[in-house]
Amino acid sequence: MLVNVNPLSELKIISPYKIVFSIILLIASNLIIAKEYKGAEYRTHDAFLYGRFEVNMKPANRVGVISSFFTYHEITSTADWNEIDIENVGRYDDMIQFNPITRNQVGHERNHPIAFNQYEEFHTYAFEWTPDYVAWFVDSIEVHRQTGEHINGLNLSQKIMMNIWNPEYANWVGVWNDYSLPTFAQYDWVSYSSYTPGAGNYGTNNNFTQQWTDNFDVFDATRWGKATHTFSGNKCDFIPENVVFKNGKLVLCLTDAVNTGYTDVAKPTLVWAKAFENGNIEIKFSEEMKKSSAETVSNYIISGATIVSAVLSKDLTKVTLSTNNFIPSVATNLIVMNINDIWGNIISTSVKTIIPTYIPEFPLHINVGGLLVSDYLPDQEWDESLEYGFMDSGDGAWPSNIQIANTNEDLIYITDGEATRKYNIKLPNNEYDVTLMFAEKYFSSSGNRVFDVTIEDKLLLDNLDIFAEVGKNAAYDFTTKISVNDELLEIILSPEINRVVLSGIKINPIPNSVGYNSNQLNNYELLQNYPNPFNPSTKIEYTLQSKSKVKLKIFDVLGNEVGLLVNQTQEAGTHTQTLNFKDFGKDLVSGVYFYQLQTENFIKTKKMLLLK
24 MLVNVNPLSE
34 LKIISPYKIV
44 FSIILLIASN
54 LIIAKEYKGA
64 EYRTHDAFLY
74 GRFEVNMKPA
84 NRVGVISSFF
94 TYHEITSTAD
104 WNEIDIENVG
114 RYDDMIQFNP
124 ITRNQVGHER
134 NHPIAFNQYE
144 EFHTYAFEWT
154 PDYVAWFVDS
164 IEVHRQTGEH
174 INGLNLSQKI
184 MMNIWNPEYA
194 NWVGVWNDYS
204 LPTFAQYDWV
214 SYSSYTPGAG
224 NYGTNNNFTQ
234 QWTDNFDVFD
244 ATRWGKATHT
254 FSGNKCDFIP
264 ENVVFKNGKL
274 VLCLTDAVNT
284 GYTDVAKPTL
294 VWAKAFENGN
304 IEIKFSEEMK
314 KSSAETVSNY
324 IISGATIVSA
334 VLSKDLTKVT
344 LSTNNFIPSV
354 ATNLIVMNIN
364 DIWGNIISTS
374 VKTIIPTYIP
384 EFPLHINVGG
394 LLVSDYLPDQ
404 EWDESLEYGF
414 MDSGDGAWPS
424 NIQIANTNED
434 LIYITDGEAT
444 RKYNIKLPNN
454 EYDVTLMFAE
464 KYFSSSGNRV
474 FDVTIEDKLL
484 LDNLDIFAEV
494 GKNAAYDFTT
504 KISVNDELLE
514 IILSPEINRV
524 VLSGIKINPI
534 PNSVGYNSNQ
544 LNNYELLQNY
554 PNPFNPSTKI
564 EYTLQSKSKV
574 KLKIFDVLGN
584 EVGLLVNQTQ
594 EAGTHTQTLN
604 FKDFGKDLVS
614 GVYFYQLQTE
624 NFIKTKKMLL
634 LK
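Count along the sequence shown from 1, then add 23; that gives the number in this note's numbering.
Hints in this document: simulated from the structure, not taken from any laboratory.
We put the beta carbon where it would ideally sit given N, CA and C, even for glycine.
Among the hints, a few may not be true.
What the hints assert, rightly or not - SDA-like mimics (lysine to any residue), calculated; alpha carbons at most 20 Å apart, straight line:
#, residue 1, residue 2
1, 341, 407
2, 307, 214
3, 529, 400
4, 182, 99
5, 313, 388
6, 314, 341
7, 449, 492
8, 481, 432
9, 307, 481
10, 337, 619
11, 629, 580
12, 562, 470
13, 81, 337
14, 182, 251
15, 449, 405
16, 504, 337
17, 576, 530
18, 627, 595
Unchecked claim - FRET-style restraints, in silico, Cβ to Cβ:
#, residue 1, residue 2, range
19, 612, 295, 25 to 33 Å
20, 301, 358, 15 to 23 Å
21, 486, 376, 40 to 48 Å
22, 384, 165, 40 to 48 Å
23, 420, 553, 33 to 41 Å
With these hints in hand, go ahead and build the complete structure from the sequences.
Quick look at the structure:
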């Protein structure tokens, strides 16, 4: 793997929310101003120069939370900064972050995709630190290596540390919510092996010698200390009470100021629920739930639908409902009750609107890092309720008079999503042509910006150097065929040298592929009713690709069927239906309603507004 010192950081455009993880001990031992939240940090008394450092752990599964394993040189100025990190960021279940932070607080971060959900079970993470390289390992396999002058500068002894905390930087870790409390990071063991090149018995080329392993059966005060400090950018104070030993594990706790330690008296929260095309519904809870109550079907109610089964995920925070007579494209309310978490706390009866399925208009174009331009949608930050968006990014804009070679879409390439770690796009299950759009507008030589691109768990671009491909101020497009099987396209960009850039995304379904729906090329179409708003009548127009059995249904905002406007076989072509609510023989109130067109291979829903 290629990694070098980060010249962009010297230009002060390295993400500020990342460098704060480098722990500035602003307040030591005696806290001057107590913070609202309480975290934990566990650290060795001794410091180590080089070696192999390993941990077996399961991080905290919460958005807005960091669980870590790292080494750190205690400093008196940033000129002496030496730190090597493994960071588990709670908003990602499929990615971890590595970062050596060198003198003057310069970071060299790598967000690395992993092929498992890190919250389901314990995994072993490690790094080897030598005078020539730092290499990171996941379950004993080397996954990333950095060399170069910045690694040569990691030459100060460092203590082994672990902590759990909630940063103030939502762009990095996600939006914090108090319902995330309490949460716990669990550590099964930690080991240290000294660097003994040519004379060892462990690690790469047997260049390391195992010195000790702590299985965390009890607190070893001769080796470890419990921190009592905080630092800038941290929402919590570290307190000894939140360092707990339980069942042969070290448990670091993040709590409120009252209920500290390894305990939970808070009721769980229903965070969101979203629908899938097959009628399944995925529900997210704020914490780990008890299997028997979470899988009791009678604890869930959806008006007009039958719930067939409920299955709890391995990480214990999500439930998948299978249903009958549920319309996934209509926003419908879900009622949840009588479910308890693993501590026995019972959820309050909760109502949440199910996020409906989304079928975009194709071709789908996104202007990453930019605004609405022509048929390119504007960039936005990801949320489960949205159709697409970035996770952890910064926008970069260049002068509009820059001429971009190899394209006539200059306006797309002069904006970037800088440092984008992940991009999510909701899509129907299908095969797609996906095009990623890049342009190098800063560097004037190769080897200065290099990164990887992983799409749907497949590494498709390894060590991409845009300048080496096409030079400066020139468009570089990468197109690949991708199969989406879970209604979400996931793109991960991982830096090797400096920050990643991404200017645009283009997506088209592949005709005649498995799961292909001809509606996605507009052969079927449901138009917006006109007039809208209306009273008491409006017209609904739709197009059929071929002769089809058609149902045109009307629903209220709760998903209850109000009426059936069409129920017959119709010929291919364009059809217009007049809707008059008086024809249904019901006294309907003003408000939002939905109309849904169904055929054998097509379903689409649109919203309309009745004013009386």
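Here is what the structure says about each hint:
A threshold of 20 Å between alpha carbons decides the hint, and for residue 341 with residue 407 the separation of about 14 Å falls inside it, so the pair holds. Restraint check for residue 307 and residue 214: the C-alpha separation of about 35 Å exceeds 20 Å, so the hint is violated. Annotation: proposed proximity of residue 529 to residue 400 holds, straight-line Cα distance about 10 Å (limit 20 Å). For the suggested pair residue 182 and residue 99, the alpha carbons sit about 15 Å apart, so the restraint of at most 20 Å is met.
For the suggested pair residue 313 and residue 388, the alpha carbons sit about 42 Å apart, so the restraint of at most 20 Å is broken. Taking the CA atoms of residue 314 and residue 341, the gap is near 10 Å; set against the 20 Å cutoff, the hint holds. The suggested pairing of residue 449 with residue 492 is violated, with an alpha-carbon distance near 30 Å, which exceeds 20 Å. Pair hint residue 481 plus residue 432 does not hold up; C-alpha atoms about 28 Å apart against a cutoff of 20 Å.
Pair hint residue 307 plus residue 481 does not hold up; C-alpha atoms about 26 Å apart against a cutoff of 20 Å. Using a Cα cut-off of 20 Å, the hinted pair residue 337 and residue 619 is violated, with the two alpha carbons roughly 35 Å apart. Between residue 629 and residue 580, the direct Cα distance comes to roughly 12 Å. Compliance with the 20 Å bound is thereby established for this hinted pair. The straight-line distance between the Cα atoms of residue 562 and residue 470 is roughly 59 Å, outside the 20 Å bound, and the hint therefore fails.
With a CA separation close to 13 Å, the supplied pair residue 81 and residue 337 stays within the 20 Å bound. Between residue 182 and residue 251, the direct Cα distance comes to roughly 16 Å. Compliance with the 20 Å bound is thereby established for this hinted pair. Between the alpha carbons of residue 449 and residue 405 the distance comes to roughly 11 Å, so the proposed pair stays at or under 20 Å and holds. Pair hint residue 504 plus residue 337 does not hold up; C-alpha atoms about 30 Å apart against a cutoff of 20 Å.
A distance of roughly 30 Å separates the Cα atoms of residue 576 and residue 530; the hinted pair therefore is violated under the 20 Å criterion. Between the alpha carbons of residue 627 and residue 595 the distance comes to roughly 17 Å, so the proposed pair stays at or under 20 Å and holds. Checking the proposed 25 to 33 Å range against residue 612 and residue 295 shows it holds: the Cβ atoms sit about 28 Å from each other. Checking the proposed 15 to 23 Å range against residue 301 and residue 358 shows it holds: the Cβ atoms sit about 22 Å from each other.
In this structure, residue 486 and residue 376 meet the distance hint of 40 to 48 Å, their C-beta atoms being roughly 44 Å apart. In this structure the hint that residue 384 and residue 165 lie 40 to 48 Å apart at CB holds, the actual value being about 44 Å. Taking 33 to 41 Å as the suggested C-beta distance range, the pair residue 420 and residue 553 conforms, at roughly 38 Å.
Hints 2, 5, 7, 8, 9, 10, 12, 16, 17, counting from the list given before, are not met by this structure.
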